[in-house]
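Participant: Here is how the chains run, residue by residue.
Number of protein chains: 2
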Amino acid sequence: MRASQAAAAKQIEALDLENFFNPSSVAVFGASKAAFNLGATICKILSDEAVGYRGRVYAVNRKGEDVFGAKGFRTLEEIPDAIDLAVIITPAFVVPELVRQCGEKGIRSIIIESSGFSESGEEGKRLQREVDEAARRYAIRLIGPNCLGILDNRHRFCCMFGANDLAPLAVAHPGSVSYVIQSGGIGALLVERLLDDVSGINKMVSLGNKSDLDEADFIDYFDTDNTEVIALYLESIGGGRKLMETVQRTKKPVLVYKTGKSEAGSKAVMSHTAGLAQNDAVFDGACRQAGMIRLHTPEELYTLPKMLTEMPLLKGRRIAVFTNSGAFGTIGADMLSDTRLVVSPFSEETKARLAKLPGVFNAENPVDIGPAPPEVYLEIYNILLGADEVDGILHMVSMWRDYVTDVMETLVSLCRKHEKPAAMYAFSALDKLRAAQLEKRLPLFAGAQEAVRALVVSHEQFLAVQKKGEPLWIQ
Amino acid sequence: MRASQAAAAKQIEALDLENFFNPSSVAVFGASKAAFNLGATICKILSDEAVGYRGRVYAVNRKGEDVFGAKGFRTLEEIPDAIDLAVIITPAFVVPELVRQCGEKGIRSIIIESSGFSESGEEGKRLQREVDEAARRYAIRLIGPNCLGILDNRHRFCCMFGANDLAPLAVAHPGSVSYVIQSGGIGALLVERLLDDVSGINKMVSLGNKSDLDEADFIDYFDTDNTEVIALYLESIGGGRKLMETVQRTKKPVLVYKTGKSEAGSKAVMSHTAGLAQNDAVFDGACRQAGMIRLHTPEELYTLPKMLTEMPLLKGRRIAVFTNSGAFGTIGADMLSDTRLVVSPFSEETKARLAKLPGVFNAENPVDIGPAPPEVYLEIYNILLGADEVDGILHMVSMWRDYVTDVMETLVSLCRKHEKPAAMYAFSALDKLRAAQLEKRLPLFAGAQEAVRALVVSHEQFLAVQKKGEPLWIQ
Numbered sequence: 001m002r003a004s005q006a007a008a009a010k011q012i013e014a015l016d017l018e019n020f021f022n023p024s025s026v027a028v029f030g031a032s033k034a035a036f037n038l039g040a041t042i043c044k045i046l047s048d049e050a051v052g053y054r055g056r057v058y059a060v061n062r063k064g065e066d067v068f069g070a071k072g073f074r075t076l077e078e079i080p081d082a083i084d085l086a087v088i089i090t091p092a093f094v095v096p097e098l099v100r101q102c103g104e105k106g107i108r109s110i111i112i113e114s115s116g117f118s119e120s121g122e123e124g125k126r127l128q129r130e131v132d133e134a135a136r137r138y139a140i141r142l143i144g145p146n147c148l149g150i151l152d153n154r155h156r157f158c159c160m161f162g163a164n165d166l167a168p169l170a171v172a173h174p175g176s177v178s179y180v181i182q183s184g185g186i187g188a189l190l191v192e193r194l195l196d197d198v199s200g201i202n203k204m205v206s207l208g209n210k211s212d213l214d215e216a217d218f219i220d221y222f223d224t225d226n227t228e229v230i231a232l233y234l235e236s237i238g239g240g241r242k243l244m245e246t247v248q249r250t251k252k253p254v255l256v257y258k259t260g261k262s263e264a265g266s267k268a269v270m271s272h273t274a275g276l277a278q279n280d281a282v283f284d285g286a287c288r289q290a291g292m293i294r295l296h297t298p299e300e301l302y303t304l305p306k307m308l309t310e311m312p313l314l315k316g317r318r319i320a321v322f323t324n325s326g327a328f329g330t331i332g333a334d335m336l337s338d339t340r341l342v343v344s345p346f347s348e349e350t351k352a353r354l355a356k357l358p359g360v361f362n363a364e365n366p367v368d369i370g371p372a373p374p375e376v377y378l379e380i381y382n383i384l385l386g387a388d389e390v391d392g393i394l395h396m397v398s399m400w401r402d403y404v405t406d407v408m409e410t411l412v413s414l415c416r417k418h419e420k421p422a423a424m425y426a427f428s429a430l431d432k433l434r435a436a437q438l439e440k441r442l443p444l445f446a447g448a449q450e451a452v453r454a455l456v457v458s459h460e461q462f463l464a465v466q467k468k469g470e471p472l473w474i475q
Numbered sequence: 001m002r003a004s005q006a007a008a009a010k011q012i013e014a015l016d017l018e019n020f021f022n023p024s025s026v027a028v029f030g031a032s033k034a035a036f037n038l039g040a041t042i043c044k045i046l047s048d049e050a051v052g053y054r055g056r057v058y059a060v061n062r063k064g065e066d067v068f069g070a071k072g073f074r075t076l077e078e079i080p081d082a083i084d085l086a087v088i089i090t091p092a093f094v095v096p097e098l099v100r101q102c103g104e105k106g107i108r109s110i111i112i113e114s115s116g117f118s119e120s121g122e123e124g125k126r127l128q129r130e131v132d133e134a135a136r137r138y139a140i141r142l143i144g145p146n147c148l149g150i151l152d153n154r155h156r157f158c159c160m161f162g163a164n165d166l167a168p169l170a171v172a173h174p175g176s177v178s179y180v181i182q183s184g185g186i187g188a189l190l191v192e193r194l195l196d197d198v199s200g201i202n203k204m205v206s207l208g209n210k211s212d213l214d215e216a217d218f219i220d221y222f223d224t225d226n227t228e229v230i231a232l233y234l235e236s237i238g239g240g241r242k243l244m245e246t247v248q249r250t251k252k253p254v255l256v257y258k259t260g261k262s263e264a265g266s267k268a269v270m271s272h273t274a275g276l277a278q279n280d281a282v283f284d285g286a287c288r289q290a291g292m293i294r295l296h297t298p299e300e301l302y303t304l305p306k307m308l309t310e311m312p313l314l315k316g317r318r319i320a321v322f323t324n325s326g327a328f329g330t331i332g333a334d335m336l337s338d339t340r341l342v343v344s345p346f347s348e349e350t351k352a353r354l355a356k357l358p359g360v361f362n363a364e365n366p367v368d369i370g371p372a373p374p375e376v377y378l379e380i381y382n383i384l385l386g387a388d389e390v391d392g393i394l395h396m397v398s399m400w401r402d403y404v405t406d407v408m409e410t411l412v413s414l415c416r417k418h419e420k421p422a423a424m425y426a427f428s429a430l431d432k433l434r435a436a437q438l439e440k441r442l443p444l445f446a447g448a449q450e451a452v453r454a455l456v457v458s459h460e461q462f463l464a465v466q467k468k469g470e471p472l473w474i475q
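Residue numbers (the working numbering), protein chains in the order written: chain A, 1 to 475; chain B, 1 to 475.
Pulled out of the complex, with its shape left as it was, chain A reads as follows (with noise of 0.2 Å):
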């Protein structure tokens, strides 16, 4: 019984929280006809066509006016229709009233972007102690203070103000990767540098102060729904056992960028976030007992998902690496000897099978071959996908030619047929890598690097899963 209780308890914190992205309604406060207005921008962005939201828009201002297609109020009262999500962008000494008129008026959901609460000194303390207190008795939920808010690409809701110009773009690039964020500027990054690529993003939710929600909510959230990758970037942790507890449950994997491990980091993120940061080897030593994936860098954020939603996970450490240029068979074995995962010696049969092909200059590991026609390649496919000693390859090839395109889009399938993954890099012109990306969905990696720290988090991600259930002994 206690279990179909969590259970039940668990689907009603999910649907709370998919309000915050799938709301039929939304009350923009703050939002005015003023010069340089920032909750204007939410109202546009909401009747912007190309974003495409369905639900309906309010506006909240001192002079009831209209804004970009939203109808205009004074107050929340007069507005005749039920509001599932109100959005607070007004300056911080009125939002504690505003939270109670919106608790009054039954809104259970609520995102504050106004700054000039805990990350700013006594009296923004007090005013987020108020806010907190009128949220607890009325039973809402928060977003925020002094964040972005959210994006969900597929239900094309976006309320990050500032982000006109790039919402309709991020809608038209629906993924599967849903990322927990602490800075519009990451944000921006992730949208834009998502573009060209395999993977896209799923839903968006920046934290700011986390007076209520945190990244753990959202990671249980994210298990519920349609993501299949969860990407955090972080200045500070909410709670740590939560986080590590939440991360446990989720068999999705759950990367994370981590900022403030050194002393001028840290200063910085308080200048500007009201975390603290954590001793960064004791947030490492959590990471790896519940099974969260530390990246190296703010690209590993968006370089790496596709390896995790187009491949599948590298069960083991042995790798074959492939190349059509001598070169990069040396440059992968000597990347992955800084790595766990280790260049595969060959069974004599997988020599030998190798060794009858036309083209292939070094039938040992690394594979290198030179000018050879397509089938070459997919029969050296075969026999490493189907080597015992292989458990997944490095795949390192020029695009010279336009049927290394066509065998990489059979390799994809190859590869999820024996369950192996490959991570693929391209060294040919950017251009080309886009082009295969956008046109035949080939989860390409621009550098040599990128491809191999593919391979490294694909593995950890399946120890992780192995993992978990597995009792935490962090505090």
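If you're looking for bench data, these hints aren't it; they were derived computationally from the structure. Hints should not be assumed to be uniformly reliable.
Stated by the list, open to error - Calculated pairs, DSBU-like style, for lysine-lysine (alpha carbon to alpha carbon, straight line, at most 30 Å): (1) Lys125/B with Lys356/A; (2) Lys351/B with Lys125/A; (3) Lys432/B with Lys440/A; (4) Lys242/A with Lys315/A; (5) Lys315/A with Lys261/B; (6) Lys125/A with Lys105/A; (7) Lys261/B with Lys351/A; (8) Lys252/B with Lys417/B; (9) Lys251/B with Lys315/B; (10) Lys432/B with Lys44/A.
To be verified - The calculated label-pair distances, taken between Cβ atoms and stated as ranges, are: (11) Pro371/A with His173/B: 24 to 30 Å; (12) Val465/A with Ala355/B: 47 to 53 Å; (13) Glu123/A with Asp406/B: 36 to 42 Å; (14) Glu122/A with Gln466/B: 49 to 55 Å; (15) Gly386/A with Asp406/B: 56 to 62 Å; (16) Glu375/B with Glu65/A: 28 to 34 Å.
For each residue, glycine too, the CB sits at the ideal point set by N, CA and C.
Place chain B on chain A using the hints.
Facilitator: Just chain B now, with coordinates in the frame of chain A:
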């Protein structure tokens, strides 16, 4: 007297090599109209108007047939004119005799692109010895065998077989970085990835088996021409001491990416060139001694040179981090903490001057600004570059408005004026970066890690230049 003799000898040697890059006439041995003929691709390049080579081209083949505008002859003897450079791409067994014929005709520069020499067994080794003897007898300088030849974008000369698609693109984008490579794949990667960059290729030479000329000879040569940055992709070292002494002689930056450090990597190298991978740690120490800068990835061969061609060197370790999105200040500070560089504490004066500016969120280091007008950017640049406690800037911005591109253009000038560099990372769409690189010559980095590495490498080069001339203790 001895010094002037040495200088004269050096000049003669430099002139010798000049002939490889800027020949007024070329004979291509083995170029014919047969299907898949590799020599024909060289004749095609040299007759391509888009490449624009202005010298005379001859093809030597059994039938004496013309090939893509190259006048055909059965033998070298039959060519009535003098020949500056011979390019040989015939079966290996005829090469020794061709070298002797070249010697008789007075040709002193030969590129042997044929394979089948010391990289492929005893018979190949014997043939290479024969070639070497003939070359010595006639005082011929050799590139190869088993190489790709040469690309010179300034002289619009290219004898790299199979490069008929790439050569016209390359010559249209000349630059000041000269490369020594041991792999065609790497050559193609460099050409393709640099097309959209501020940097471009000056000269590129593929060394192959290095039976005569090796990387050290070309470093000496690039020290005398219009090259600004020398970059090497090496799988083996011709002679360690010779190389390091050569590096010590030049004040131009010498960057190297060397493979074969792992066992699997070494084996791969053995299978496609004749070099022996040296002990990696010894190589590392030697580089540090001689002032050669080791790169971490093959990507750095094309991403980093712009820092050295477009910016002054970093003369100290103290970095100011600047951003228009707080998160990136933290990221920059974190990444710097993993290097020998430091996030410089600001003086009270610097802090006071920054604090006076509108839109500055954080007047400490990292400096973090909100939506500010261009004048604020420029004032900050002047404050930071003028501060005694700042040696260089890590500039991490979103190009969210067009004026950001304009202020970055001014930043480049200011850096040159103050003789302090800025590593400029832009976290915007790659299209925007490309446009700014091509139209405004902004040396932009697409990744945060790249920008940090650029500062590290700039400082390494500064330190290397200081040390040049000290005695080498390496073998």
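Participant: Work down the list of hints and note, for each, if the structure agrees.
Facilitator: Here is what the structure says about each hint:
1. Lys125/B with Lys356/A: holds, 26 Å
2. Lys351/B with Lys125/A: holds, 26 Å
3. Lys432/B with Lys440/A: holds, 24 Å
4. Lys242/A with Lys315/A: Roughly 28 Å separates the two Cα atoms, so the pair holds.
5. Lys315/A with Lys261/B: The given pair, whose Cα atoms are some 26 Å apart, holds under the 30 Å limit.
6. Lys125/A with Lys105/A: holds, 26 Å
7. Lys261/B with Lys351/A: OK: Lys261/B and Lys351/A at ~24 Å, within 30 Å.
8. Lys252/B with Lys417/B: Status holds; Cα separation ~21 Å.
9. Lys251/B with Lys315/B: holds, 15 Å
10. Lys432/B with Lys44/A: Distance ~24 Å between Lys432/B and Lys44/A Cα, so the pair holds.
11. Pro371/A with His173/B: 24 to 30 Å: holds, 26 Å
12. Val465/A with Ala355/B: 47 to 53 Å: Because 50 Å falls inside the window, the suggested range holds.
13. Glu123/A with Asp406/B: 36 to 42 Å: holds, 38 Å
14. Glu122/A with Gln466/B: 49 to 55 Å: holds, 51 Å
15. Gly386/A with Asp406/B: 56 to 62 Å: holds, 57 Å
16. Glu375/B with Glu65/A: 28 to 34 Å: Roughly 33 Å apart at Cβ, these two residues keep to the hinted range, so it holds.
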